[in-house]
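In our numbering, the protein residues as written are 297 to 999.
Hint data in this document are derived by calculation from the structure and do not stem from the laboratory.
Errors might be hidden in some of the hints.
Unchecked claim - Lysine-lysine pairs mimicking BS3-like chemistry, simulated, CA-CA at most 25 Å apart:
#, residue 1, residue 2
1, K430, K703
2, K441, K371
3, K847, K775
4, K408, K371
5, K374, K839
6, K441, K703
7, K775, K992
8, K703, K688
9, K829, K775
10, K850, K839
11, K900, K850
12, K408, K430
13, K900, K642
Keep in mind it's a predicted model, so treat the numbers as computed, not measured.
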Amino acid sequence: MEDDRKDAVYGTPQKYDPTFKGPIYNRGCTDVICCVLLFLAIVGYVAVGIIAWTHGDPRKVIYPTDSRGEFCGQKGTKNADKPFLFYFNIVKCASPLVLLEFQCPTPQICVKQCPDRFLTFLNARNSHDFDYYKQFCVPGFQNNKGLAEVLRDGECPAVITPSKPLVRRCFPAIHANKGVLMVGNETTYEDGHGTRKNITDLVEGAKKANMVLEARHLAMKIFEDYTVSWYWIVIGLVIAMVLSLLFIILLRFLAGIMVWVMIVMVILVLGYGVFHCYMEYSRLSGEAGSDVSLVDLGFQTDLRVYLHLRQTWMAFMIILSILEVVIILLLIFLRKRILIAIALIKEASRAVGHVMCSMLYPLVTFFLLCLCIAYWASTAVFLSTSNEAVYKIFDDTSCPLVGNTCKPETFPSANESRQCPGGRCQFAFYGGESTYHRALLGLQIFNAFMFFWLANFVLALGQVTLAGAFASYYWAMRKPDDMPAFPLFSAFGRALRYHTGSLAFGSLILAIVQIIRVILEYLDQRLKAAQNKFAKFLMVCLKCCFWCLEKFIKFLNRNAYIMIAIYGTNFCTSARNAFFLLMRNIIRVAVLDKVTDFLFLLGKLLIVGSVGILAFFFFTHRIRIVQDTAPPLNYYWVPILTVIIGSYLIAHGFFSVYGMCVDTLFLCFLEDLERNDGSAERPYFMSSTLKKLLNKTNRKVES
């Protein structure tokens with residue numbers, strides 16, 4: 297009765313079909329509307345890219361530009377001999393938006409060198425220092441105006457301070473003298489109105505501006521590390537690829553032994569991590585400054601500082617110890633289920649062995665994802681660098697044209713200057729007044745949305761292709777004789793020819809949820825300063841709900857794609873059938889599928905941990921044999937983290953093939969149990985290992 301009620305709620309089991317012999321070949325196109333929608337979206341995406349490439353200029357990321365949009369220090373321009381950018385009012389650069397817009401909302405000019413002395417315009421104007429001061433005024437400055445007019449029109453800065461170039465930009469050289477913040481040797485300065493002020497105010501503004509560009513300085517150092525270590529990073533990633541392939545090859549023949557060896561190795565790697573953290577913790581005992589807490593130290597851009605604190609190694613040791621205990625406890629309580637998972641892995645090993653080219657398919661997915669990322673990143677950069685310097689008319693009198701845009705080159709001879717005799721064409725902000733510039737935010741959102749959609753489509757294509765190939769293996773009664781000649785290529789062709797619309801439909805739903813999550817993160821950053829607790833609570837709830845929704849949609853899409861590969865039905869029908877099939881076997885899903893995923897996770901940890909430890913000893917010069925070979929680095933954690941992340945992605949790519957194989961075989965196995973009963977007319981398609989595991993047999997025809 298309970299099974300009948302379950303069937304009534306979650307659909308009816310599959311009926312026996314004597315014509316069904318695996319993935320259906322005579323199928324039709326599905327979800328054609330979504331296919332057309334995807335095509336139109338791609339056309340629009342290409343149009344957005346062309347528009348962005350027309351208006352944007354990525355050189356703004358590398359070369360600074362002055363207020364007229366001209367590059368500093370680039371060959372072939374009039375500022376070729378002026379490589380540095382000087383800001384009239386550095387305090388206005390203290391906005392985080394500078395990182396996105398690549399410009400500060402203040403007049404700026406290209407200079408040959410940064411200021412090396414402290415001067416005010418008032419003092420320099422009537423002294424021999426004025427020739428030096430003039431090089432920091434706008435090009436073509438004529439000293440024929442009053443003091444107030446020059447400062448009002450933004451032709452010269454009110455003050456210059458000793459500065460040092462940082463990423464080709466001049467920033468005040470700040471230092472402390474007996475606890476007093478100083479720029480150069482001055483503690484006060486005189487403003488343009490003759491008032492003596494404390495230079496601390498200027499220093500605080502300069503400090504904020506320096507903090508904004510400190511991230512850029514850090515990025516430059518990281519880039520330098522990549523330039524000297526990229527060769528060794530590639531070698532580390534190749535080692536990770538070889539280990540992944542070797543692990544999978546050995547898993548095919550020694551699945552049971554390899555799984556247990558993998559479990560023991562992960563435990564040993566974590567144990568060594570605990571031991572290493574303890575040794576570092578003990579070594580720092582008694583060293584000066586090692587007992588400083590992480591809270592007291594605060595955030596430091598040089599992360600190597602944290603490795604000199606005992607508290608850092610204690611935190612690492614506690615985290616690794618907890619992870620070690622959790623893994624051991626899980627293994628104790630799930631030891632019987634691991635045997636079932638091993639049987640599934642062995643069956644998947646046989647399937648992969650008959651479709652060996654499937655191990656290379658992650659390279660296709662990786663290549664397509666790289667194209668998506670490259671197009672998205674380049675379009676985003678071109679859109680971000682599309683802003684232009686906007687000049688507007690300013691006038692202290694009641695001029696009707698105040699606020700209108702103008703061009704500084706033609707303003708003196710234009711009609712506007714005659715209508716506003718006291719007006720001036722002055723820099724206002726970086727942006728634009730055209731429809732294109734007002735739509736930049738929307739174009740960036742569309743760019744991100746299309747990236748999610750296309751990336752999810754690429755992943756979906758890979759899942760359907762692999763599912764179709766492995767389903768051909770399962771539903772072959774005589775393996776591998778009844779399998780098609782090229783199962784992977786056949787599945788790939790069917791997916792593109794018949795199911796592009798279904799893949800677009802599934803990836804579209806997921807992309808919508810992901811872009812909503814991005815918008816929620818953006819709103820959360822904007823609301824952090826708000827004191828409305830209800831708004832914060834609502835934001836946390838929404839972020840949590842959409843995170844769970846994304847996970848559920850990914851799980852449902854994955855199984856829906858398997859059903860699409862087998863039966864050729866549309867996305868909604870496939871998702872419904874897959875969901876009901878899993879719900880009718882929820883216990884098997886919860887135990888077998890997740891235990892298998894856990895074992896794959898352990899395999900990834902083993903590969904990543906091994907390569908990560910090797911990279912750590914190499915880049916920290918702790919391997920004596922290659923001490924002279926390791927490159928000198930600003931931050932040795934840069935190549936180490938790159939190798940670790942890259943190794944995880946490589947291992948994930950190879951294990952994803954195995955994971956898709958297990959999931960496909962599992963759904964086929966459940967279908968097999970519902971369709972067939974082991975009789976001569978309805979024999980099971982599952983392998984003898986699975987039949988033995990479940991006490992199932994195929995009865996022979998009685999003579």
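Each hint, compared with the structure:
no.	hint	verdict
1	K430 / K703	holds (23 Å)
2	K441 / K371	violated (34 Å)
3	K847 / K775	violated (35 Å)
4	K408 / K371	holds (14 Å)
5	K374 / K839	violated (51 Å)
6	K441 / K703	holds (21 Å)
7	K775 / K992	holds (18 Å)
8	K703 / K688	holds (8 Å)
9	K829 / K775	violated (62 Å)
10	K850 / K839	holds (17 Å)
11	K900 / K850	holds (20 Å)
12	K408 / K430	holds (12 Å)
13	K900 / K642	holds (18 Å)
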